[in-house]
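Student: Here are the chains, one letter per residue:
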Amino acid sequence: MDVFDNLAAGFGIAFTLTNLGYSLLGVIVGNLIGVLPGIGPLAAISILLPITFGLEPSGALIMLAGIYYGAQYGGATTSILLNIPGVASHAVTCLDGYPMARQGRAGVAIFTSMMSSFIGACVGILIMMFFSPFMVRAALSFGPADYFAMMALGLIAASTLAQGSALKSIAMVILGLLIGMIGTDVQTGQQRFTGGIPELSDGVNIVAVATGLFGIADILANVNRPQGSIIARGAMSMRSMLPTMAEVRRCVAPILRGTGIGAVLGILPGTGGTIASFMSYAFEKKISKTPERFGKGTIEGIAAPEASNNSAAQTAFIPTLTLGVPGDAVMALMLGALIIFGIQPGPRFPAEHPDIFWSLIASFWIGNLLLVIINIPMIGIWTRLLLVPYRILYPAILFFVCIGVYSINNALFDVGLALVFGLLGYGMKLLNFEPAPLLLGYVLGPLMEEHLRRAMLLSRGDMMVFIDRPISASLLGLCAALLIWTVWSALRSSRRVHAQA
Amino acid sequence: MKTARLDPRDVIGGLVLIAIGAAALVIADDYSFGSARRMGPGYFPVLLGWICCALGAAVVAKGFIRKMWDDGLPEMPSLRAVLGISASIFAFILAGEHLGLVPAILLLVGISALVDRGNRPLTAGLLAVAVAIGGVAIFIYGLGIIFPLFTGGR
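Protein sequences appear in the order of chains A and B. If you count by full-length UniProt numbering, then the first sequence holds residues 1 to 501, one letter each, in order. If you count by full-length UniProt numbering, then the second sequence holds residues 1 to 154, one letter each, in order.
Just so you know, these hints were derived from the structure itself, not from any lab. Note that CB positions come from ideal geometry on N, CA and C, so glycine has one too. Among the hints, a few may not be true.
[What the hints assert, rightly or not] Distance condition first, Cα-Cα at most 25 Å in a straight line; then the derived SDA-like pairs of lysine to any residue:
1. B:67 / A:164
2. B:67 / A:243
3. A:429 / B:120
4. A:289 / A:348
5. A:289 / A:246
6. A:429 / B:98
7. A:429 / B:90
8. A:429 / B:151
9. A:429 / B:38
[Said to hold, decoys possible] To be clear about the criterion: a stretch of chain B counts as covered by chain A if any three or more of its residues have a C-beta under 8 Å from a C-beta of chain A, and this derived list gives those stretches:
10. 27-39
11. 42-53
12. 59-68
13. 118-127
14. 136-147
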């Protein structure tokens, strides 16, 4: 089999001592940062992104991916122990994880979330291995119009399906697209929206945008805010973590169903771990014979969403790497990192850089295994680390942000830019606008414009090209359906409120 | 909030969006627009500017419809956090430019730590020294980032 030859070669690269080291470092740092309240994977990756720039592309990607799913595992820990989701995709885990911790069963809850995550991730990687070549073949028949439609669908799905007001999220996508316009126009060399500032001629630095929106804005919002109290203190023994046989049996089906839901939603553009975990939780509750137990500390309520968001976390790499179209903000950052390394993800990426593509997949296996191994002994350390108050942590985080942003171009200008985006992000938080759609729009902006121009050039300015091509027509049809559904459900829910009043 | 007639979050946010969209339209007016077939550098930004204005207007409208309001109550910005954190980053940039990395870290961490009311000046000072030592060790000696430690007031 072709896949296994490639994978073996990938393991050959991933198993070198340096790359194993990067993977280990990535998962540990990611795990640590995922555990720390107030910093999710997005902030973690954007803060640590600059550190990887000195490395080889494959080593850097292996480390970044390690940070990503290391933080995924860690985020579940804070949801269970603190009732604070490190990231939105773990919000559902709080519902049953925190009650379990309050019943003194935090260890079992963490162990369950870990095993479910591991199984979900493994299936996700398998799907990625076998589905990617198929996706690549399909993607080769994509024209510029199809790419444009695909990105439009991704942006609309990401903003209408995520939490918060869909209207405000779409507005953030547009703002992100506009920010993406800053810099030099690729086709004409025209400087756009730079205000004559030479540092902006290469565009706004993605790390400055991301660390500002997610790192600095979080600090601004969380400083002087009372912290949650920790339930489980001290080390946890292995025995206290093991679920009973009956509980294991109860988990099997939810894990499998969660994995399936996650895998599908991960591949679709614009839908990711958050939606996957919410959907699988709702699904389990719906089909359960005892739905009243959900929300009071039932183990299925942890197993299903955790399996789901980890399988989505893996399959989300498929469109990002094979189409160059990221499904969520984290993937957008990954895409940004690849472009900084001079690699353009797309259908040609697996064939042109098989070493990077397959060593990344191999490192997924290694990283997930490492996480399961290190997570158990680490939980004791992490829970003690949670005792470090936020007021001591945030100045250090702020330093990481500043030095990280500086190091990309050795430019203090970028640090100032990060502050601007931090203030913007804080303002958005106060006004209830989501930052993730903005980042997604920012990354996709230049790509969308390029594909739109190319599509229009090929069709000689005929807009019908978007409807004539079956792929773009069906994708845009989905966009329209989503928009109509969003408007309709908003109107319906407001009518219902009206009827109650 | 019973007496409120509008959600200030939507009205302010929407007006800001309209302003940004309008600014984009004014600035992009200088770029050649081109035609649908050969889009100039102004085409896509102008398109986005109009959409931004339209969405801003829709968000303002949403702020006047009570049943479409967001959950939760509007929060006031923390002036202390905004001014303190901004000042600390400005100090980092200025000190980094003229004095070197070590003074920059001391100022950044020292000033930002004082934003939290629970931190005393002594805590902030100790934290600043600790981060400076650790930070220089990790980033300058460990990762080889180029940033002069002291430049002696250029």
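Student: Which numbered hints are broken by the structure, listed smallest first?
Tutor: 2, 3, 4, 6, 8 and 9
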